[in-house]
Amino acid sequence: MILLAVKMKFKKSLMINFSFCFCLIAIILLESCEAHSGYYFEKSQSKVIDSLRHLGHYEYNSRLNDSLCMVLNNPNNKLMTPTTYTTIVSITNKLSKTKSSGCYVIDWQTLETKQNFTNVILLEWNPNGGIIIRMFTRNKYLKEKLPKQSF
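With the first letter of the sequence shown counted as 1, position 75 gets the number 270 in the working numbering; the numbers rise by one all the way through.
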């Protein structure tokens, strides 16, 4: 009887360990398959802006606030992937604390399946206006989807 109870506890323990390991492996695989939006910090935003303008990118800029975030995060607009939006939120929190000069350059991924254009988002700190977002694209479709006004 005692041997049977020990055997059952061992099987139960083994099952729990197996379940835990399986869940851990699944989480690792899902995390590694998730798309990550790349970004980097650039000390001289004027060089980045000049280079993008020189390449013929359309520029939209505005203060980054809740109204604009609602437009950017709306899946019906298909302006960006959730990963890109999450990257913007993360960098915005970092910029609000550090208030550093320069800008963060973010690889702008859209929800459109065909993307033959390089799209870039710049986030910078402005002492008077707070966080400024600049969105650069040569994609006419994206240009039309961007807000017509600054927020």
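Source of the hints: derived by calculation from the structure; they are not laboratory data.
These numbers come from a predicted model, not from an experiment.
There's no promise every hint is true.
Derived DEER-like restraints, expressed as beta-carbon distance ranges [said to hold, decoys possible]:
{"no.": "1", "residue 1": "Tyr-336", "residue 2": "Ser-296", "range": "32 to 38 Å"}
{"no.": "2", "residue 1": "Lys-273", "residue 2": "Gly-297", "range": "16 to 22 Å"}
{"no.": "3", "residue 1": "Ser-241", "residue 2": "Lys-294", "range": "14 to 20 Å"}
{"no.": "4", "residue 1": "Lys-292", "residue 2": "Gly-233", "range": "19 to 25 Å"}
{"no.": "5", "residue 1": "Lys-238", "residue 2": "Lys-335", "range": "28 to 34 Å"}
{"no.": "6", "residue 1": "Tyr-336", "residue 2": "Asn-268", "range": "15 to 21 Å"}
We put the beta carbon where it would ideally sit given N, CA and C, even for glycine.
Results for each hint:
no., hint, verdict
1, Tyr-336 / Ser-296: 32 to 38 Å, "holds (33 Å)"
2, Lys-273 / Gly-297: 16 to 22 Å, "violated (30 Å)"
3, Ser-241 / Lys-294: 14 to 20 Å, "holds (18 Å)"
4, Lys-292 / Gly-233: 19 to 25 Å, "holds (22 Å)"
5, Lys-238 / Lys-335: 28 to 34 Å, "holds (32 Å)"
6, Tyr-336 / Asn-268: 15 to 21 Å, "holds (19 Å)"
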